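Numbering (the working numbering), first residue to last: 1 to 126.
Misleading hints may appear alongside valid ones.
Stated by the list, open to error - List time: in silico EDC-like cross-link candidates among lysine to aspartate or glutamate, alpha-carbon distance up to 16 Å:
no., residue 1, residue 2
1, Lys106, Asp8
2, Lys13, Glu38
3, Lys79, Asp14
4, Lys10, Asp88
5, Lys3, Glu83
6, Lys106, Asp14
7, Lys111, Glu38
8, Lys10, Glu45
Honestly, the hints are just simulated from the structure, not real lab data.
As the structure is a prediction and not an experimental result, all values here were calculated from the model.
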Amino acid sequence: MDKDNLRDIKDRKDIEQILWAFYKKALKDSNIGVFFTEIVKVNLETHMPHISDFWEQQLFYSGNYKKNVLQIHQNLHLKKAMEKIHFDIWLALFTTVVDNNFNGEKAELMKTRALSIATVIQLKSK
């Protein structure tokens, strides 16, 4: 794929495009899908506005997200331990989706924030 032909992330609609594509892959993944389908039993229609708020805050400083993402994931970890392999797969899927759809400063920021968030959650959930 020629990344030069891809544009940067510019708004919430772009964030939602990334998130829908990511969840499509993550839900089917044999290693991490269980977290979404069995442990949390995520309903994407209700989850998507919250996770979109989170990423909009991360990329555009919207102030829309008010929840404690670390606490949410620590609670998840108590239900089923999240191992390094789970974080690695999550990050690889997420990064691939961003790279396949966007290129630019915000796309790079999204991938950097994803790595930082995954690292912190992994360290704090032990």
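Right, here's what the structure says about each hint:
Of the supplied pair hints, the one linking Lys106 and Asp8 holds, its CA atoms being roughly 6 Å apart against a limit of 16 Å. Our distance criterion of 16 Å between C-alpha atoms is broken by Lys13 and Glu38, whose separation comes to about 28 Å. Restraint check for Lys79 and Asp14: not satisfied, since their Cα atoms lie roughly 32 Å apart, outside the 16 Å limit. Straight-line distance between C-alpha atoms of Lys10 and Asp88 comes to about 27 Å, which puts the hinted pair past the 16 Å bound.
For the hint linking Lys3 to Glu83, the alpha-carbon distance of about 32 Å lies beyond 16 Å, and the restraint is violated. For a cut-off of 16 Å, the pair hint linking Lys106 to Asp14 stands: about 11 Å separates their Cα positions. A C-alpha spacing of about 27 Å is found between Lys111 and Glu38, which places the hinted pair above 16 Å, so the restraint is violated. The suggested pairing of Lys10 with Glu45 is violated, with an alpha-carbon distance near 22 Å, which exceeds 16 Å.
Violation of the numbered hints given earlier is confined to hints 2, 3, 4, 5, 7 and 8; the remaining hints are satisfied by the structure.
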